[in-house]
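Sequence positions in the sequence shown follow full-length UniProt numbering and run 1 to 449.
These aren't lab readings, by the way, just hints derived from the structure by calculation. One should not assume that every hint holds.
[Stated by the list, open to error] Below, computed lysine to aspartate or glutamate pairings styled on EDC-like, alpha-carbon distance capped at 16 Å:
1) LYS264 / ASP332
2) LYS181 / ASP308
3) LYS136 / GLU273
4) LYS337 / GLU405
5) LYS337 / ASP402
6) LYS325 / GLU433
7) LYS325 / GLU420
8) LYS380 / ASP355
9) LYS325 / GLU429
10) LYS360 / GLU382
11) LYS337 / GLU353
12) LYS264 / GLU326
13) LYS325 / ASP30
14) LYS307 / GLU186
15) LYS360 / ASP402
16) LYS406 / GLU382
17) LYS90 / GLU52
18) LYS136 / GLU151
19) LYS325 / ASP146
20) LYS428 / GLU326
21) LYS352 / ASP335
22) LYS422 / GLU326
23) LYS380 / GLU353
24) LYS290 / GLU267
25) LYS416 / GLU426
26) LYS89 / ASP110
27) LYS416 / GLU433
28) LYS89 / GLU108
29) LYS416 / GLU326
30) LYS325 / GLU426
31) LYS416 / ASP355
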Amino acid sequence: KYGDRKVHHMHMRKKGINTLINIMSRLGQDDPTPSRLIHNERLEFLGDAVVEFLTSVHLYYLFPSLEEGGLATYRTAIVQNQHLAMLAKKLELDRFMLYAHGPDLCRESDLRHAMANCFEALIGAVYLEGSLEEAKQLFGRLLFNDPDLREVWLNYPLHPLQLQEPNTDRQLIETSPVLQKLTEFEEAIGVIFTHVRLLARAFTLRTVGFNHLTLGHNQRMEFLGDSIMQLVATEYLFIHFPDHHEGHLTLLRSSLVNNRTQAKVAEELGMQEYAITNDKTKRPVALRTKTLADLLESFIAALYIDKDLEYVHTFMNVCFFPRLKEFILNQDWNDPKSQLQQCCLTLRTEGKEPDIPLYKTLQTVGPSHARTYTVAVYFKGERIGCGKGPSIQQAEMGAAMDALEKYNFPQMAHQKRFIERKYRQELKEMRWEREHQEKEPDETEDIKK
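Take the sequences, apply the hints, and build the full model.
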């Protein structure tokens, strides 16, 4: 009512390229900070991760022989909006929701969608204000009216490897060379597993057949590890980035929980050296990015099963969250294709349809199991970049990156200037650290010689 309208709306506006760049350039708060956004979208973002985590954990333990695909199908059925709206109806959430009485929610489908979002926000609020246990009990009570079914859902059995050796299985290390090697990894990360076979299973690749040591490969663990990482990353971002809307938080989370970042962390921890494969030569194997990322997700699952969520929080606080500053300063929260599209949209002519980049596959070489694709990207009929990769998607990413480097987009220059002016000192320190890290391996090599 009073004062400058810009002040009233500065925390509400979330559309537009300049708003996006401005908000995504903000570094996280050191301490947990309350948000000034008054709607429930941020809580919905958190609640969505909590619901997915709870569903994944319970399905993982209740169906120990079900493969990753089956678990994913069941999870989708439980966490989809249609089902969450039914759970919201049980609580009669529509009677308590605060919304503008416009035409938006007059249709039943729109109201049910809003109720599903409100239910996720409620679970997020219970998790924050109460605990994970409180959210688990509420979700379980709403899922099952039958007390017997609810009891089964809430009190799931231990992992099969834990059931075989209830106290510990570390006595098996003496007779198993595989477990003996994994003790080196335990020492390196400073965590001693109570059930070390869980760690062995996390490092067992799909190509290895069934064996009595691990009782299977790591695909199921990868399914669980992904949802654990999503929850821990979501909670951290929710607490430390109070000015970010749901979409902005999603972009930041995608920069953390993706194959590239996970593979990098796995490589830095030397996980590839401990991977259990069916290769009898015992030579070190060069693993693909996806396989390395799967190893890390499986390790996160093993850490959670053997210890608890607190250990995963600590691991990600050390290995993942410090990278956020670099991602923000380098604007790595946006993938090259999205970035190129934004740059092209800023060059649109007034009153005309915007020109967008077009990708064309130029060449496909190699056998079906090891193809290499060459893709070019065109803007206004002109080729502006070219890229190669083992899949069309990766080749397109390469082409977009090439275009961003070669083509002189005003938007890219503006973003770089904006970040340079805002974080001159931080960028200076980051570059110095990078140069220092690059020098260290060279110095080590010289000493060895």
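Right, here's what the structure says about each hint:
no.: 1; hint: LYS264 / ASP332; in the structure: 14 Å, holds
no.: 2; hint: LYS181 / ASP308; in the structure: 24 Å, violated
no.: 3; hint: LYS136 / GLU273; in the structure: 37 Å, violated
no.: 4; hint: LYS337 / GLU405; in the structure: 13 Å, holds
no.: 5; hint: LYS337 / ASP402; in the structure: 11 Å, holds
no.: 6; hint: LYS325 / GLU433; in the structure: 13 Å, holds
no.: 7; hint: LYS325 / GLU420; in the structure: 14 Å, holds
no.: 8; hint: LYS380 / ASP355; in the structure: 7 Å, holds
no.: 9; hint: LYS325 / GLU429; in the structure: 12 Å, holds
no.: 10; hint: LYS360 / GLU382; in the structure: 12 Å, holds
no.: 11; hint: LYS337 / GLU353; in the structure: 20 Å, violated
no.: 12; hint: LYS264 / GLU326; in the structure: 14 Å, holds
no.: 13; hint: LYS325 / ASP30; in the structure: 12 Å, holds
no.: 14; hint: LYS307 / GLU186; in the structure: 13 Å, holds
no.: 15; hint: LYS360 / ASP402; in the structure: 14 Å, holds
no.: 16; hint: LYS406 / GLU382; in the structure: 13 Å, holds
no.: 17; hint: LYS90 / GLU52; in the structure: 20 Å, violated
no.: 18; hint: LYS136 / GLU151; in the structure: 12 Å, holds
no.: 19; hint: LYS325 / ASP146; in the structure: 48 Å, violated
no.: 20; hint: LYS428 / GLU326; in the structure: 12 Å, holds
no.: 21; hint: LYS352 / ASP335; in the structure: 27 Å, violated
no.: 22; hint: LYS422 / GLU326; in the structure: 14 Å, holds
no.: 23; hint: LYS380 / GLU353; in the structure: 12 Å, holds
no.: 24; hint: LYS290 / GLU267; in the structure: 12 Å, holds
no.: 25; hint: LYS416 / GLU426; in the structure: 14 Å, holds
no.: 26; hint: LYS89 / ASP110; in the structure: 14 Å, holds
no.: 27; hint: LYS416 / GLU433; in the structure: 20 Å, violated
no.: 28; hint: LYS89 / GLU108; in the structure: 12 Å, holds
no.: 29; hint: LYS416 / GLU326; in the structure: 14 Å, holds
no.: 30; hint: LYS325 / GLU426; in the structure: 9 Å, holds
no.: 31; hint: LYS416 / ASP355; in the structure: 23 Å, violated
Violated hints for the displayed structure, listed by number in ascending order: 2, 3, 11, 17, 19, 21, 27 and 31.
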